[in-house]
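Protein chains: 4
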Amino acid sequence: MTTKAKAKKSTNTIRTGILGASGYTGAELIRLLLHHPSVDIRVMTADRSAGKPIDAVFPHLGGRGLPNLVSLDDARYDDIDLVYCCLPHGTTQEVVAKLPKHLKVIDLSADFRLFDLGDYETWYGHAHRAPALQAGAVYGLTELAREAVRRARLVANPGCYPTSALLPLVPLLEAGQVDTDTIIVDSKSGVSGAGRAAKEASLFAEVSEGIHAYGVAWHRHMPEIEQELARAAGRKLTINFTPHLMPMNRGILSTIYVRTAKGADANALRKTLAARFADEAFVRVVPEGVAPATRHVRGSNHCLIGVFQDRLPGRAIIVSVIDNLVKGASGQAIQNMNVVYGLPETTGLEQEALFP
Amino acid sequence: MTTKAKAKKSTNTIRTGILGASGYTGAELIRLLLHHPSVDIRVMTADRSAGKPIDAVFPHLGGRGLPNLVSLDDARYDDIDLVYCCLPHGTTQEVVAKLPKHLKVIDLSADFRLFDLGDYETWYGHAHRAPALQAGAVYGLTELAREAVRRARLVANPGCYPTSALLPLVPLLEAGQVDTDTIIVDSKSGVSGAGRAAKEASLFAEVSEGIHAYGVAWHRHMPEIEQELARAAGRKLTINFTPHLMPMNRGILSTIYVRTAKGADANALRKTLAARFADEAFVRVVPEGVAPATRHVRGSNHCLIGVFQDRLPGRAIIVSVIDNLVKGASGQAIQNMNVVYGLPETTGLEQEALFP
Amino acid sequence: MTTKAKAKKSTNTIRTGILGASGYTGAELIRLLLHHPSVDIRVMTADRSAGKPIDAVFPHLGGRGLPNLVSLDDARYDDIDLVYCCLPHGTTQEVVAKLPKHLKVIDLSADFRLFDLGDYETWYGHAHRAPALQAGAVYGLTELAREAVRRARLVANPGCYPTSALLPLVPLLEAGQVDTDTIIVDSKSGVSGAGRAAKEASLFAEVSEGIHAYGVAWHRHMPEIEQELARAAGRKLTINFTPHLMPMNRGILSTIYVRTAKGADANALRKTLAARFADEAFVRVVPEGVAPATRHVRGSNHCLIGVFQDRLPGRAIIVSVIDNLVKGASGQAIQNMNVVYGLPETTGLEQEALFP
Amino acid sequence: MTTKAKAKKSTNTIRTGILGASGYTGAELIRLLLHHPSVDIRVMTADRSAGKPIDAVFPHLGGRGLPNLVSLDDARYDDIDLVYCCLPHGTTQEVVAKLPKHLKVIDLSADFRLFDLGDYETWYGHAHRAPALQAGAVYGLTELAREAVRRARLVANPGCYPTSALLPLVPLLEAGQVDTDTIIVDSKSGVSGAGRAAKEASLFAEVSEGIHAYGVAWHRHMPEIEQELARAAGRKLTINFTPHLMPMNRGILSTIYVRTAKGADANALRKTLAARFADEAFVRVVPEGVAPATRHVRGSNHCLIGVFQDRLPGRAIIVSVIDNLVKGASGQAIQNMNVVYGLPETTGLEQEALFP
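Residue numbers (our numbering), protein chains in the order written: chain A, 1 to 356; chain B, 357 to 712; chain C, 713 to 1068; chain D, 1069 to 1424.
Please keep in mind that the hints were generated in silico from the structure rather than gathered at the bench. Please note: incorrect hints may appear among the correct ones.
[Stated by the list, open to error] For lysine to aspartate or glutamate, the following EDC-like pairs were computed, each having C-alpha atoms within a straight-line distance of at most 16 Å:
1) B:Lys-555 <-> D:Glu-1268
2) C:Lys-911 <-> A:Glu-147
3) B:Lys-592 <-> B:Asp-472
4) A:Lys-199 <-> C:Glu-912
5) B:Lys-454 <-> B:Asp-434
[Unchecked claim] Computed spacing ranges between beta-carbons, pair by pair:
6) B:Glu-450 <-> C:Lys-911: 53 to 63 Å
7) C:Arg-932 <-> B:Asn-424: 45 to 55 Å
8) B:Gly-645 <-> D:Pro-1121: 46 to 56 Å
9) C:Pro-999 <-> B:Arg-485: 34 to 44 Å
10) A:Arg-220 <-> C:Phe-827: 23 to 33 Å
11) B:Gly-421 <-> D:Ala-1200: 24 to 34 Å
12) C:Thr-803 <-> B:Lys-627: 21 to 31 Å
13) B:Ala-412 <-> D:Ala-1195: 29 to 39 Å
14) C:Phe-827 <-> D:Glu-1215: 30 to 40 Å
15) B:Arg-485 <-> D:Ala-1195: 50 to 60 Å
16) B:Arg-404 <-> C:Trp-835: 44 to 54 Å
17) C:Trp-835 <-> A:Gly-195: 29 to 39 Å
18) C:Pro-999 <-> D:Ala-1195: 32 to 42 Å
[Said to hold, decoys possible] Among the chain D residues that face chain C by a calculated CB cut under 7 Å, a handful are:
19) Trp-1191
20) His-1280
21) Ala-1285
22) His-1287
23) Gly-1319
24) Ala-1361
25) Thr-1362
Bear in mind that the values here come from a model prediction, so they are computed numbers and not experimental data. From the three backbone atoms N, C-alpha and C, an ideal C-beta is built for every residue, glycine too.
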């Protein structure tokens, strides 16, 4: 069952570690990196499964010649070039602070995403523990921060909800086509976004056959979205962000309600986005009348965006879809690594969506 | 397996027919009416299954002493008091026009819901074929139209989406607490709302593991919602209504974004709704901070409503949930029948939600 | 939202307690008992939620006038007639041993189901802690043990898998129509059977979109099935029992492969079962060619059984379906209570299946 | 969004057509072939969508430079080397009979799988219409028929259920380790196996939240399995095959119950299978005690096989899992193409399973 991935590796291999490999974003990194022609996975940590082979936690990833899991304390980085951090929010900052300086770091937690340390404290309940590192981090929404990512040592990989909201909204705010004070983001997410921790709220019988909103008016992805929108708008702003949990494994669909600026209608917005993403491999603006579905991006690194004229005068509706584990997490992390190392951005990310 | 439902029937039995008994709303009527102490199901039509027993189309309803299915043309109404119409949109109006005048009619199609015949033509593509009947119909959102329903011969049973939107919005518009020009209704529906017709778009493999918006800015439930909101507001109005299809059998969750009137905040809205529905058996306003879930109303006739303060100043978020086949269709139809016949409104509708 | 269930209670109320009310079988008992005309729920325990109202753990059960949850230690039984035990396996026996003797007990755990104490020790890893109570317990598969249940103080309510296997097999073994040495039971179960405990293996993302076998050749329901089959056959026997976990909330389907005795074919088996269950309210043998589906019993206390001639000569295939939380747990527990108190067995259990 | 797949194509391109590209196996072929380095898709037929681009039927496959769909009658084969036939059973044989002789054909229908024309007539209700072609066809279960496939012009690609049953059973029958007269195959399948045709039985609301058996003792995959097992055993045989439909998109799990030959136990069977598949890229025998899950092969071309000792003396339980659309259809079809053209068998099929 070995797919001889190693045989394909080029001489310029990026020697990689995955800290926190036993969760869903870790598994997704492994799935994709196994077929990345320039990557070799040399270290994988998982404290509770230290000493075990990867198939002890992910049977489908056995037989690929991966190293055994080790505890975080036992990880060695001498021959590692880059680590992906898939550790819990709050503990990541201290781990990253102790990593050797020669390592590039792509962090999939929320620990380095808020640049205003006061905001961090407000939303996470404690002072940031690595403020110097924070100052040097880059918010890695690749399509919108490519040049900064290229020079970064520490990339704060965006959250899944923010990715789905920012890709359409940032270009529109930069173009001044959307009112900044009335943005409403109604998001629907699959369950893998809640992680692999054993929680009653994520049990099959609690989640299937139903939907509910959660974190209404108070979700930690809110300040992250607002920070990046403010950067685009050139001023502070507040949005409505209302996430919903629904019974699917993967996928986020955000329905975004905006008031358009004078002179701008849905067609104008669609043109702006189409122009902005014309040369992008992973972002596609769908034609008028087409409604993107999460099924169209399942397992792939793509983001699809549709724009609709509202019947309410002066308003438009934007729908964006991503796979939360790929473009919303591990796929974008690899895309960022490709940028850092000057590789074609699609390397290792060419897979089509899995449908049905 | 007979549950001897008939033995329980009182002497004042309502002799009932179900036109179009082989679809999901038909099945739901049967499920509930079998245990209604004052109802006897005497006629059930299903053209393609005429002559067959009900278990030919719904095995779980066999063995209850129900009459065989007949074609619509063969249905006899001499000893029938009331019929439920579960026929397709567009054909219902002609069927109802030909029914004997002694029959009470509760129509679950959309045919008699729009009172402006021009609106009907706009949204359904042809002139209404029973305008006189339309003029005498009553829009049967029970809690908001009880007195009119009591005197009605023809009840236009509300659509599922409109029920979820109107229950919270009508009282708020009547109270003048919500701006009428910026209402956004983002709805998420289970698949049974699409009916039992064999359509590619409703196949398991097309629907599971994903979500998409449909009918964006052009869904036939939109004018129905606007009509009733206009009645409450005392003026014409336009809303945003964006439905989404998601992988669950039953349930609608509507997330409603409103601008509050001067002096009104989420607490004020919650109070208005709590007061309005205080004596209602089926509508419950949940406490501050509680997020209603469709799982909490699955299989029951309840509607739960939550109100949240938005972080956007001067705005609130309302979440309402119903089971689309019960309060959104067959349950409300029975509730309306109870009103018509002066029975306690909860009769036959006492079942708790099925969770998990 | 109160349905005024209490108003319907007769004067001969059974005053009831539910020990372990915060799990799925507890919730199911409450759902059904709220509309049982002779039952009043007076005590509900849940140690981790002691002091809270029931809607803190089950929002859909709020507003019905139920007592607050208490810890097991704080439960008082002076005015209680009967308790349902929904506590974990292993701890139940000690709890029951300490209960006042005036209480009737219906235990939904596995603690009192194995009458051979050696078997118990083998499968549960420790000596039984209430052997005297065990000796007086009755295995309460209602249709097969009605007289014993009537006289019981302690009813060991059968497991969900055993219920689905025993209902068809016991009558066939008693009739000598099935070979005792080659019985294969291939069962498929929904996830609620795993309980509400937060376990990685029960997470939505681990369970949806897939199926796997578990406990192959070593599942604790196996000795329970064998014990009751042995009683029917009049001799010790061993079976194959292979459970599978699949993505649905409720339901067990058992496909049972048997070698028929000389002279017996599928028709003969079907006749035996049809005759045996002819007067039963909850067990129905479906006609030749009909395949029972778990959807046909979802939320109801029914068991459907189909019998098919195998193409392998001298063999037959039996398919049985139940809802694991109703006939496989709480529904059968109420049925047993009805027997104990001489009530009609269907009391409180008349609900039809919820489909779709 | 184009991934410029064409740029990667080698000079020895296999020019390919897909007949019946608008169904699920068609979509799956496209998904995989887009990244096959030696394949160029030049013709795709879909009668009802003739003239349309592929995104009209599969939005997620748009933007890859694929040709528009054409009707079967309009397809031209001058510059085509090989066609995949994804047409309905019964019509395929006439289509293939008319194809130019220079074409290699891999047929995913059941039309060329039964070599006994009498069997074909029995199970499909009409005489075979291309008996000469049938005589020259090769049953393409790759691992078991590699040499024959290499020389074939027409490959009959195996059915999904047969693939899951034959991979473990054929080697065991060849080794004489399994009794031939008592084989029981209990299979559980996802819904995509029923195809994309709009049928009531495949609707989300009919399939989700439940399971049922179908085609009990009479399913068309039965003679296909028996034919290949007979070939392995060297004698005619009859099996039990009982398929079940369950709510997942992809996946088949077959639980196979066998009587072991004298001297053979589960360990011996496992060893036989492990040895037989030791050099295979796509078939893996899992260690003792591990239960394969369909999630472990979702989207991949793998088959996992586990063997368990039964508690019934002299019996074993075998569990095999595949993705019905990959190893059970399109993936195996590509694997067969690779064999025909002498390419490494894993070419284009390296993807890992998608979990969760």
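Now the hints, each set against the structure:
Simply put, B:Lys-555 and D:Glu-1268 have alpha-carbon atoms about 8 Å apart, close enough for the 16 Å limit, and the pair holds. With a C-alpha separation of about 43 Å, the suggested pair C:Lys-911 and A:Glu-147 falls outside the 16 Å cut-off, and the hint is violated. Simply put, B:Lys-592 and B:Asp-472 have alpha-carbon atoms about 12 Å apart, close enough for the 16 Å limit, and the pair holds. Restraint check: the Cα-Cα separation between A:Lys-199 and C:Glu-912 comes to about 8 Å, which is no more than 16 Å; the hinted pair holds.
Simply put, B:Lys-454 and B:Asp-434 have alpha-carbon atoms about 14 Å apart, close enough for the 16 Å limit, and the pair holds. Range check, B:Glu-450 to C:Lys-911: about 57 Å between beta-carbon atoms, so the 53 to 63 Å window is met. Between C:Arg-932 and B:Asn-424 the Cβ separation comes to about 46 Å, which falls inside the hinted range of 45 to 55 Å. In this structure, B:Gly-645 and D:Pro-1121 meet the distance hint of 46 to 56 Å, their C-beta atoms being roughly 49 Å apart.
For the pair C:Pro-999 and B:Arg-485, the beta carbons lie near 43 Å from each other, so the given range of 34 to 44 Å is met. For the pair A:Arg-220 and C:Phe-827, the supplied restraint of 23 to 33 Å is violated, since their beta-carbon distance comes to about 55 Å. Distance hint for B:Gly-421 and D:Ala-1200: a CB-CB separation of about 59 Å, inconsistent with the stated range 24 to 34 Å. Restraint check, C:Thr-803 to B:Lys-627: a C-beta distance of roughly 46 Å breaks the suggested window 21 to 31 Å.
A beta carbon spacing of about 33 Å between B:Ala-412 and D:Ala-1195 agrees with the range 29 to 39 Å that was offered as a hint. Roughly 59 Å separates the CB atoms of C:Phe-827 and D:Glu-1215, a value that falls outside the hinted 30 to 40 Å. The hint said 50 to 60 Å for the Cβ distance between B:Arg-485 and D:Ala-1195, and at roughly 51 Å that hint holds. B:Arg-404 and C:Trp-835 have their C-beta atoms about 52 Å apart, which keeps the hinted 44 to 54 Å range intact.
In this structure the hint that C:Trp-835 and A:Gly-195 lie 29 to 39 Å apart at CB holds, the actual value being about 34 Å. Taken as a hint, the range 32 to 42 Å holds for the pair C:Pro-999 and D:Ala-1195, whose Cβ atoms sit roughly 33 Å apart. A least Cβ separation of about 12 Å between D:Trp-1191 and chain C goes past the 7 Å threshold, and the interface hint is therefore violated. Checking D:His-1280 against chain C: minimum C-beta separation of about 4 Å stays under 7 Å; hint holds.
Because the closest C-beta pair between D:Ala-1285 and chain C is about 5 Å apart, less than 7 Å, the hint holds. With a least beta-carbon distance of about 10 Å to chain C, the hint placing D:His-1287 at the interface is violated under the 7 Å criterion. Checking D:Gly-1319 against chain C: minimum C-beta separation of about 6 Å stays under 7 Å; hint holds. Taking 7 Å as the C-beta contact cut-off toward chain C, the hint placing D:Ala-1361 at the interface holds, the least distance being around 4 Å.
With its C-beta approaching chain C no nearer than about 4 Å, D:Thr-1362 sits inside the 7 Å limit, and its interface hint holds.
Hints 2, 10, 11, 12, 14, 19 and 22 from the earlier list are contradicted by this structure; the remaining hints agree with it.
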